[in-house]
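The whole structure should be built from the sequences, with the hints applied where relevant.
Taken in order, these protein sequences are the chains called R and P.
Following the working numbering, the numbering of the first sequence begins with 244 at its first residue and continues without gaps.
Following the working numbering, the numbering of the second sequence begins with 447 at its first residue and continues without gaps.
Among these hints, one or two may not hold up.
[As the list claims (entries may be wrong)] Taking lysine to aspartate or glutamate and the EDC-like style, the derived pairs with C-alpha atoms no more than 20 Å apart in a straight line are:
| no. | chain 1 | residue 1 | chain 2 | residue 2 |
| --- | --- | --- | --- | --- |
| 1 | P | Lys901 | P | Asp1223 |
| 2 | R | Lys275 | P | Asp475 |
| 3 | P | Lys1160 | R | Asp262 |
| 4 | P | Lys1157 | R | Asp358 |
| 5 | P | Lys497 | P | Glu597 |
| 6 | P | Lys562 | R | Asp262 |
| 7 | P | Lys562 | R | Asp260 |
| 8 | R | Lys386 | P | Asp1158 |
| 9 | R | Lys271 | P | Asp565 |
To be clear, the hints were calculated from the coordinates, so they are not data collected in a lab.
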Amino acid sequence: MKLKLNINNKFYNTNIDGDESLLDILRKIGFKSVKKGCDTGVCGVCSVLINGKPTLSCQFLAARAQGAKITTVEGLGKKADKIVDLIVSEGADQCGYCGPSLVLTTYAMKKELKDPTVEKINHYLTGNLCRCSGYEGQLRGIKKYMGVK
Amino acid sequence: MMKFKEVNHSIPKVDGRGLLKGASAYTDDLAVDSALIVKLLRSPYAFAKIKSIDIKKALKTEGIECILTYKDVPRIPITRAGQSYPEPSPKDKFILDNYVRYVGDEVAIIAGTTEKVVDDAMKLIGVDYEIFEPVLDFEKAIGHKSIIHPEKEIYTMFPMGLDAKNNIACSYMDTMIVGDVDKQMKESEVTVEQRYFTNAQQQVPLEPHTSTAFIDVQGRLNIITSTQNPYHTRRIIGEALGKPQRDIRVYKPRIGGGFGAKQQVHNDLFTAIVTLKTGKPSKCFYTRQEVQENTFTRHEMRFDIRLGADKKGNLEVFDMQLLSNTGAYGEHALTTFMVAGSKLLPMYNKAKHLRFEGKVVYTNRCPAGAYRGYGALQANFAVESAMRELAEKLNMDPTELRLKNCIKEGETSPVFSVMGEGGEGIAQVMESCKLDYCIKRGRELIGWKKKYPSKQIAPNKIRSVGTAIAMQGSGIPLLDMGAAVLKLNDGGFFNLLMGATDLGTGSDTVLSQIAAEAIGVPVNRIVITSSDTDTTPFDVGAYASSTTFVSGNAARKAGLNMRALLIEEAAKALKAVHKDDIIFEDCTFKSKFGGESITLEELSQGLYHTFGTDMKQLIASGSNTSPKSPPPFMSAFVEIEIDTETGQINILEYVAVVDCGTTINPNLARIQVEGGILQGIGMAMWEDVRYSKDGKMLSNNLMNYKIPNRKDVKKITVEFAESYDPAGPYGAKSVGEIGIDTPLAAIANAIYNAVGVRIRSVPLTPEKILTGILEKDSTK
Ligand code: FES
Ligand code: FES
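Set out below in structure tokens:
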């Protein structure tokens, strides 16, 4: 079936099978920042923003994305820089596979969380798994971004 | 402390910004759209023989390009281990075979234009199996009536005790013996004799194993793959396909984590053969289920530990008997086994009566392979638990027992020369060892004196502390070799070409820092490429905690050589200045007597454009291998809270004090330790590889196999001891593995300190704790 997707404020026309996930379509179109990690909605590396809300694109049918605003880290452009710099300055980016989705989710969290605390941050990001870093370094960087001591 | 300009600084990772902003950098990002999709038909049985296989119908599916069975592939026994040559693992695997030895073993390779086409075709393949009784319990493998490897081609490249008829992949007996263990056990005043089990564990790199292949314009097979060791991969693919290495190129892009999982060769064999048969590009991206079920796990192990000491706590006997489960194939069977002994016995070098021996058996389970910690982690659980049990009998503080018996700077152990990895070892003296400092400092950080052993904080809540110590190595002595090439460019910057493999560890950054330090330029003058068998020099790859130490020294040597070349050419350019009188500072060369100077840019321009007959390319290289493998050391202290009604554990803080010599990049070193600790905690607490009674893996996705999330541990604190190892590049030792070793024992010991329950198998589940509490109560 034919589909028109709004990705990072640009329109893309594409052809999909009814059961294809948004993840597969985004990667096909060329948004390679969106990763595939687990197939079961656990790891979070496929996260994108749909109308500003972090969403697992592996669990989201592409067909349902018509009419929605989809944002990937490519679409954040310079708005991602501060988060990125704070994480890399802690050395907390290891293999980087969890990175783009973490940056994107953190960006959404900043908009959404009132009075952030370490507990709230960790809760918000629980679904963003990282196997390399042990989370501590990411937290050090993200705390600075969120203005949490 | 020594002062450095480039190393020992926390610069950001060279690839960090690019990766976080989503650059196309991993294997699947680089595969061409036209690549055929490769998938595997896998065995539903744990042990069976393929009586017949019919692919005719499947081949007719539109879009199917090829289907291969065991009849269509070369029958050459290989090992997929990805180790140095001659390989220390049995050659017991064919690309495809008519025997399937565990649930998920490959039966057919299917390639087609889309995933759907391939899935459809797969359903049309008819296989008739003769089913055998599988060997699922590794304690019953030896002498079982089912022989897992009856094929006659199986062999080893040197003697390692392979006895396929008895399901023994290798054995190591009567060699690592010092003194008289049995006699001394009778004489020692205090003894401990216990059995411990460690289960398998999954590495779970978030990027699944991915491989893509194509034929280049010179007709050569190119493979882009998520590998930790491109050179071994090239050699193994060549061997399996009967093709000269000259015709194969292996390129490693960015890797989404490995932890040992990507040391072995998996789907490269399938993309390679599909592309060779069809002439078309192909790719294979494993599902998470395949990563869990069909790549390798950590080796399951059983330890029998015997310790003997005098009343004052002087250790006299240290005996370890080991049974290890390598699953269906023998990758890393011998070497993980050896490491279990060689990284633990020397740590308590005061004992005079030592023994280490045992066997590694085949079973019809998912094969075991390399995983960070690599035998040392399993042994750490057994030995560090047993040390706590000994402390109990001695009525001694466990940290004092360790301080009394652990290895110290300037000391050695007879074990170093007897045991290496796969064969004999090489004697070495600890030129840097701050283990005693690490123990004392860790004790302070956790507040041991106040908190040990435990405190009741509510009617059903107890807080306690536990400890363990660890040692690893820094590469494999005189087996690991790494090389570096530095090329000066027009513009005054350098390409650093490394065969060493950054799989997310940050080694590209660390190696750039080392090369920059050696040349005497800022690190932003270095552009690193790693790794590609066509353009970067040889390196064994990223395993055995080797990169910083082994490849780092290669980068340092190449840097020093480049510096010498630069100074020689600068002296010529500055005329009448002898090279010994040149000062190179701030990227400028001048005579120490003053006068003219020339910048690095000017020199490079001259060499490539204006020096007439003196024009030339500057290239320097460095190779490194070492008879030494200076161990990093670590102390760990954990504070937990136990709910005595539910058995639930809450990890409040994990403290690590690490001696890894100079930290080349302190931030990256710290994250390596923090990440290792959390993986170790994962294994201690939740990660459990489980099978059905027919041998099917149940924990085959991330819903059934829980890895830690960011709420699971409250706090991890890492400190580094001030330490300098003269053999390391600028004093550095390794740091990649040491973090993962201690959590099993440290947490098990903390549980004991809280409720007096000794758990001798991991994971340390609430059920085991509760059962222990109930048993204790009933015997009161
Ligand atoms: S791929 Fe893991 S949650 Fe989507
Ligand atoms: S950095 Fe590797 S998974 Fe997070």
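Hints, verified against the model:
1. P:Lys901 / P:Asp1223: It holds: about 19 Å lies between the C-alpha atoms, which stays within 20 Å.
2. R:Lys275 / P:Asp475: Roughly 6 Å between the alpha carbons, so the hint for R:Lys275 and P:Asp475 holds.
3. P:Lys1160 / R:Asp262: violated, 40 Å
4. P:Lys1157 / R:Asp358: holds, 19 Å
5. P:Lys497 / P:Glu597: holds, 16 Å
6. P:Lys562 / R:Asp262: holds, 11 Å
7. P:Lys562 / R:Asp260: holds, 10 Å
8. R:Lys386 / P:Asp1158: Holds, because 18 Å separates the two Cα atoms, which is no more than 20 Å.
9. R:Lys271 / P:Asp565: holds, 19 Å
Violated hint for the displayed structure: number 3, the only one.
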